[in-house]
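Given the sequences, and given the hints that come with them, work out the whole structure.
Quick note on my numbering: the sequence shown kicks off at 62 and runs consecutively.
Just so you know, the hints here were simulated from the structure itself, not pulled from any lab data.
Where hints are given, some of them may not hold.
Listed below are the simulated SDA-like cross-link pairs for lysine to any residue, each with C-alpha atoms no more than 20 angstroms apart in a straight line [said to hold, decoys possible]:
#1 K116 x E88
#2 K200 x R288
#3 K287 x G257
#4 K212 x P192
#5 K197 x L118
#6 K141 x R173
#7 K381 x V124
#8 K197 x G257
#9 K212 x S193
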Amino acid sequence: MHASALAIAAIILGVATPIEAAQTFPERPIRLLVPFAPGGNVDITARTIAPALGKALGQQVIVENRPGAGGTIATDAVAKAAPDGHTLLMASSSVMTNGPALYPKLPYDIVRDFAPVGRVAVVPLAIVVHPSVPAKTTKELIAVANAQGGKMLMANAGVGTTNHLIAELFMIRTGARMTLIPYKGSGQALVDLLAGHVFAHVDQISSALPYIKADRIRAIAVTTAKRAALLPTVPTLAESGVPGFDASTVTGVLAPAATPRDVVIKLNATLVNVLGTPAVRERFASLGAEVQPSTSEELARFIREDLAQWVKVVKQAGIKLEL
Numbered sequence: 062m063h064a065s066a067l068a069i070a071a072i073i074l075g076v077a078t079p080i081e082a083a084q085t086f087p088e089r090p091i092r093l094l095v096p097f098a099p100g101g102n103v104d105i106t107a108r109t110i111a112p113a114l115g116k117a118l119g120q121q122v123i124v125e126n127r128p129g130a131g132g133t134i135a136t137d138a139v140a141k142a143a144p145d146g147h148t149l150l151m152a153s154s155s156v157m158t159n160g161p162a163l164y165p166k167l168p169y170d171i172v173r174d175f176a177p178v179g180r181v182a183v184v185p186l187a188i189v190v191h192p193s194v195p196a197k198t199t200k201e202l203i204a205v206a207n208a209q210g211g212k213m214l215m216a217n218a219g220v221g222t223t224n225h226l227i228a229e230l231f232m233i234r235t236g237a238r239m240t241l242i243p244y245k246g247s248g249q250a251l252v253d254l255l256a257g258h259v260f261a262h263v264d265q266i267s268s269a270l271p272y273i274k275a276d277r278i279r280a281i282a283v284t285t286a287k288r289a290a291l292l293p294t295v296p297t298l299a300e301s302g303v304p305g306f307d308a309s310t311v312t313g314v315l316a317p318a319a320t321p322r323d324v325v326i327k328l329n330a331t332l333v334n335v336l337g338t339p340a341v342r343e344r345f346a347s348l349g350a351e352v353q354p355s356t357s358e359e360l361a362r363f364i365r366e367d368l369a370q371w372v373k374v375v376k377q378a379g380i381k382l383e384l
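Structure below.
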């Protein structure tokens, strides 16, 4: 059937074509669901982009926090929402890839049930050590850890967190042996690293930076594929003999799977423009995040590849969690 015939049929049936949907979108305020409590990084990310998105789209973008069950409550709500672009998810790695790798029996399929709109930002992490550790490079850290027979204590923010999974991936990829100590959040892990109760940690660079500058902890390598703007002199793990290593905290916007393609394209174009404004970029920089907009296809590819990576890590490390 030709496009003109489709349009006529749509008019007769009272159904909007994808092009018409994009032309009239949005028809009412947009809800941007945050799967975590107010005040965290994902919430701040949503509240940073929402006003500018709303102004550009001509409708208010309302940030709605729906915390609980490791982010699955809000994520499931968006998966089951009307696929018209008026309900979106402010997603992070924990929702897009970590969670699905850790909890295989989720009420949704992160690949099948969502239409990625675009990436927002990347929060780089670094492997940091206590000054008493006689290592300044990745190679030296591996040697020191293995010389201790796996007794070196490495903190993380809790079982299943991004920095825990990155630590597991680091050990799998390098053969380094350490004893991982879970904490209830990175804050306490960093406190104990500073006190010398643990000797290594994978932490967000923005949190660790003041202590790195004060020489209270030492940065060994960053975990992203490219060097971090906040630590330009610190090499990546890929540069340090661990080829292809790329792991970080990523935020992005997702829509329900059946959202019209033209609506997704319109949302993506608007998001990219918003992320290009100086005020928004400066706000993210102050949070230690690097703005990295993408196409919807690029975010979809990231989700597939990152999920596959963490599924392997969870299996190899024997991590078992229940919601």
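Hint-by-hint comparison with the structure:
Between K116 and E88 the alpha-carbon distance is near 14 angstroms, which keeps this suggested pair within the 20 angstroms criterion. For the proposed pair K200 and R288, the alpha carbon gap of about 18 angstroms is at most 20 angstroms, so the pair holds. For a cut-off of 20 angstroms, the pair hint linking K287 to G257 is broken: about 29 angstroms separates their Cα positions. Distance hint between K212 and P192 is fulfilled; the C-alpha atoms sit about 17 angstroms from each other, no more than 20 angstroms.
The suggested pairing of K197 with L118 is violated, with an alpha-carbon distance near 49 angstroms, which exceeds 20 angstroms. As the CA atoms of K141 and R173 are separated by approximately 12 angstroms, the hinted pair is consistent with the 20 angstroms bound. Annotation: proposed proximity of K381 to V124 is violated, straight-line Cα distance about 32 angstroms (limit 20 angstroms). Between the alpha carbons of K197 and G257 the distance comes to roughly 17 angstroms, so the proposed pair stays at or under 20 angstroms and holds.
A distance of roughly 15 angstroms separates the Cα atoms of K212 and S193; the hinted pair therefore holds under the 20 angstroms criterion.
Consistency with the previously given hints fails for numbers 3, 5, 7, ordered from lowest to highest.
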